[in-house]
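Enquirer: Sequence:
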Amino acid sequence: MTIQFPKDFLWGTATAAHQVEGNNNHSDWWDWEKIPGKIKHGDVSGIACDHWGRFDEDLALMKALGANTYRLSVEWAKIEPKQGVWDEAAIAHYAEVVRKLLASGIEPMITLHHFTSPRWWADKGYWAWEGTAAAFGGYAKLVFERIAPNVRIFTTVNEPLVHLGAGYIMGIMPPEKKGFEHLQAPLLGMLRAHAAAYRALHECASAHGKKIEVGMAHHLRIFDPKHTWNPVDQLVSKIMDAAFNTSVPNALETGRIRVKVPGLLTIDEDIPGLANTQDYFGLNYYSRDLVTLGWKDGSLQPLPTVKKGALVNDLGWELYPEGFLRVLRRVAKHYPGKPIYVTENGLADAVDSRRANFIESHVSAMETAIGEGVPVKAYCHWSLLDNFEWIEGFEPRFGLVEIDYATLARKPRPSFQVYRDLIGRHRNDR
Numbered sequence: 017m018t019i020q021f022p023k024d025f026l027w028g029t030a031t032a033a034h035q036v037e038g039n040n041n042h043s044d045w046w047d048w049e050k051i052p053g054k055i056k057h058g059d060v061s062g063i064a065c066d067h068w069g070r071f072d073e074d075l076a077l078m079k080a081l082g083a084n085t086y087r088l089s090v091e092w093a094k095i096e097p098k099q100g101v102w103d104e105a106a107i108a109h110y111a112e113v114v115r116k117l118l119a120s121g122i123e124p125m126i127t128l129h130h131f132t133s134p135r136w137w138a139d140k141g142y143w144a145w146e147g148t149a150a151a152f153g154g155y156a157k158l159v160f161e162r163i164a165p166n167v168r169i170f171t172t173v174n175e176p177l178v179h180l181g182a183g184y185i186m187g188i189m190p191p192e193k194k195g196f197e198h199l200q201a202p203l204l205g206m207l208r209a210h211a212a213a214y215r216a217l218h219e220c221a222s223a224h225g226k227k228i229e230v231g232m233a234h235h236l237r238i239f240d241p242k243h244t245w246n247p248v249d250q251l252v253s254k255i256m257d258a259a260f261n262t263s264v265p266n267a268l269e270t271g272r273i274r275v276k277v278p279g280l281l282t283i284d285e286d287i288p289g290l291a292n293t294q295d296y297f298g299l300n301y302y303s304r305d306l307v308t309l310g311w312k313d314g315s316l317q318p319l320p321t322v323k324k325g326a327l328v329n330d331l332g333w334e335l336y337p338e339g340f341l342r343v344l345r346r347v348a349k350h351y352p353g354k355p356i357y358v359t360e361n362g363l364a365d366a367v368d369s370r371r372a373n374f375i376e377s378h379v380s381a382m383e384t385a386i387g388e389g390v391p392v393k394a395y396c397h398w399s400l401l402d403n404f405e406w407i408e409g410f411e412p413r414f415g416l417v418e419i420d421y422a423t424l425a426r427k428p429r430p431s432f433q434v435y436r437d438l439i440g441r442h443r444n445d446r
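Counting with the numbering used here, you get residues 17 to 446 for the letters of the sequence shown.
Everything labelled a hint here was simulated from the structure, so no lab data went into it.
Each hint should be verified, as a subset may be incorrect.
Distance windows between CB atoms, simulated [as the list claims (entries may be wrong)]:
| id | residue 1 | residue 2 | range |
| --- | --- | --- | --- |
| 1 | P430 | M186 | 33 to 41 Å |
| 2 | G100 | H243 | 50 to 58 Å |
| 3 | D103 | K227 | 28 to 36 Å |
| 4 | G53 | A119 | 40 to 48 Å |
| 5 | E388 | A150 | 37 to 45 Å |
| 6 | A366 | M186 | 22 to 30 Å |
| 7 | A366 | G325 | 19 to 27 Å |
| 8 | L319 | G440 | 37 to 45 Å |
| 9 | K323 | E388 | 21 to 29 Å |
| 10 | G141 | K116 | 34 to 42 Å |
In silico PhoX-like pairs for lysine-lysine, Cα to Cα no more than 20 Å straight-line [said to hold, decoys possible]:
| id | residue 1 | residue 2 |
| --- | --- | --- |
| 11 | K157 | K98 |
| 12 | K242 | K254 |
| 13 | K194 | K54 |
| 14 | K254 | K323 |
| 15 | K23 | K354 |
| 16 | K324 | K242 |
| 17 | K254 | K349 |
| 18 | K354 | K393 |
| 19 | K140 | K98 |
| 20 | K393 | K349 |
| 21 | K193 | K312 |
| 22 | K227 | K157 |
| 23 | K50 | K193 |
| 24 | K140 | K193 |
| 25 | K23 | K79 |
| 26 | K242 | K312 |
| 27 | K54 | K193 |
| 28 | K276 | K254 |
| 29 | K227 | K393 |
| 30 | K23 | K393 |
None of the values given here were measured: they were computed from a predicted structure.
Every residue gets a Cβ at the ideal spot worked out from N, C-alpha and C, and that includes glycine.
Whole structure, please, built from the sequences with the hints as guidance.
Expert: Take a look at the structure:
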């Protein structure tokens, strides 16, 4: 099927500050990742890709790609390295990044929090700290007024349940708490902070006579039963789907957060000011899991598995473009009329043998969805550059552009050209 993409459709890439900029030395991760055993191969982010110092070079790559959007995060730990102390050099840097993007015809999509946090805020308890909503709202206000008064699209928090799940349930990221009992306080605090940032951004925009859109970037994953005939697998997949895929997006619409994992967690709370704080649906889609119930660490738990014989990426995630279409249809059904921005979609592929087909098959799925009336408005491939992939270190290669970490030289992969040609065929705004 060939359809006409909307004239204002956004094509681009995405990165996150800590993963590419380097020298995030006021963040919680800066010290934590130096602890032996935390990061694969003992990697530390260090200078990362030096996106901070080489932004002009990376901007030239975006232009060569033909992109008209770039999703980036600003680093709270750099902007406010100590509570109430704003770093003017960092603010000026980000303001210049935004200015250069806009001058190049590339629309910035700005994320306020992408997994990393200021050390001072972490010391106070992260999202569970009672002062978080005020602090995060103040940070959002500063970002709009000093960095991004001409930016239209803002994301408050990237992948809220991935972030909280890794830090408060699995214990594999800061603050390393393990168990469902730790989740409620930070989840409620995060939602309050999102509501505060949403209000702050819209109040600033209104005062400047601007119209903006604010939301979150939700990681939606397909959870299918491993054995379709097994009622236990069916039930477990439904529980995981409801908790992971729908609880937070629904809360941003209704103002009430409901999460239920039988025997482990029940949250049912109203959050004042949270209702209707999702102007668009930010979608990160990567893969699916086939879910079953099994023993792990001495207890019966949901276990994600991969379809036997499936094509996978370098991290073992199934490449499943059909799931992308399923997710797009689902979002359109459950949040009718809500614009959908694909804020991340990509794969780890060091030898670049699967990325071209991945891009083409996922864009084809998106094309089908748009043809059915699904209001997809943007597609950001993860990622522009290879980067520091959290606890996996530098080993996974997600970039359209290869990074030589010894020299920081950039080299577009063959899939870069494939995506460039695809954008060239579909862009209708030039």
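Enquirer: Each hint: holds or not?
Expert: Each hint, compared with the structure:
no.: 1; hint: P430 - M186: 33 to 41 Å; in the structure: holds, 36 Å
no.: 2; hint: G100 - H243: 50 to 58 Å; in the structure: holds, 55 Å
no.: 3; hint: D103 - K227: 28 to 36 Å; in the structure: holds, 29 Å
no.: 4; hint: G53 - A119: 40 to 48 Å; in the structure: holds, 45 Å
no.: 5; hint: E388 - A150: 37 to 45 Å; in the structure: holds, 43 Å
no.: 6; hint: A366 - M186: 22 to 30 Å; in the structure: holds, 25 Å
no.: 7; hint: A366 - G325: 19 to 27 Å; in the structure: holds, 21 Å
no.: 8; hint: L319 - G440: 37 to 45 Å; in the structure: holds, 43 Å
no.: 9; hint: K323 - E388: 21 to 29 Å; in the structure: holds, 26 Å
no.: 10; hint: G141 - K116: 34 to 42 Å; in the structure: holds, 37 Å
no.: 11; hint: K157 - K98; in the structure: holds, 17 Å
no.: 12; hint: K242 - K254; in the structure: holds, 12 Å
no.: 13; hint: K194 - K54; in the structure: holds, 15 Å
no.: 14; hint: K254 - K323; in the structure: holds, 18 Å
no.: 15; hint: K23 - K354; in the structure: holds, 18 Å
no.: 16; hint: K324 - K242; in the structure: holds, 10 Å
no.: 17; hint: K254 - K349; in the structure: holds, 18 Å
no.: 18; hint: K354 - K393; in the structure: holds, 10 Å
no.: 19; hint: K140 - K98; in the structure: holds, 12 Å
no.: 20; hint: K393 - K349; in the structure: holds, 16 Å
no.: 21; hint: K193 - K312; in the structure: holds, 18 Å
no.: 22; hint: K227 - K157; in the structure: holds, 15 Å
no.: 23; hint: K50 - K193; in the structure: holds, 18 Å
no.: 24; hint: K140 - K193; in the structure: holds, 15 Å
no.: 25; hint: K23 - K79; in the structure: holds, 18 Å
no.: 26; hint: K242 - K312; in the structure: holds, 17 Å
no.: 27; hint: K54 - K193; in the structure: holds, 14 Å
no.: 28; hint: K276 - K254; in the structure: holds, 11 Å
no.: 29; hint: K227 - K393; in the structure: holds, 17 Å
no.: 30; hint: K23 - K393; in the structure: holds, 10 Å
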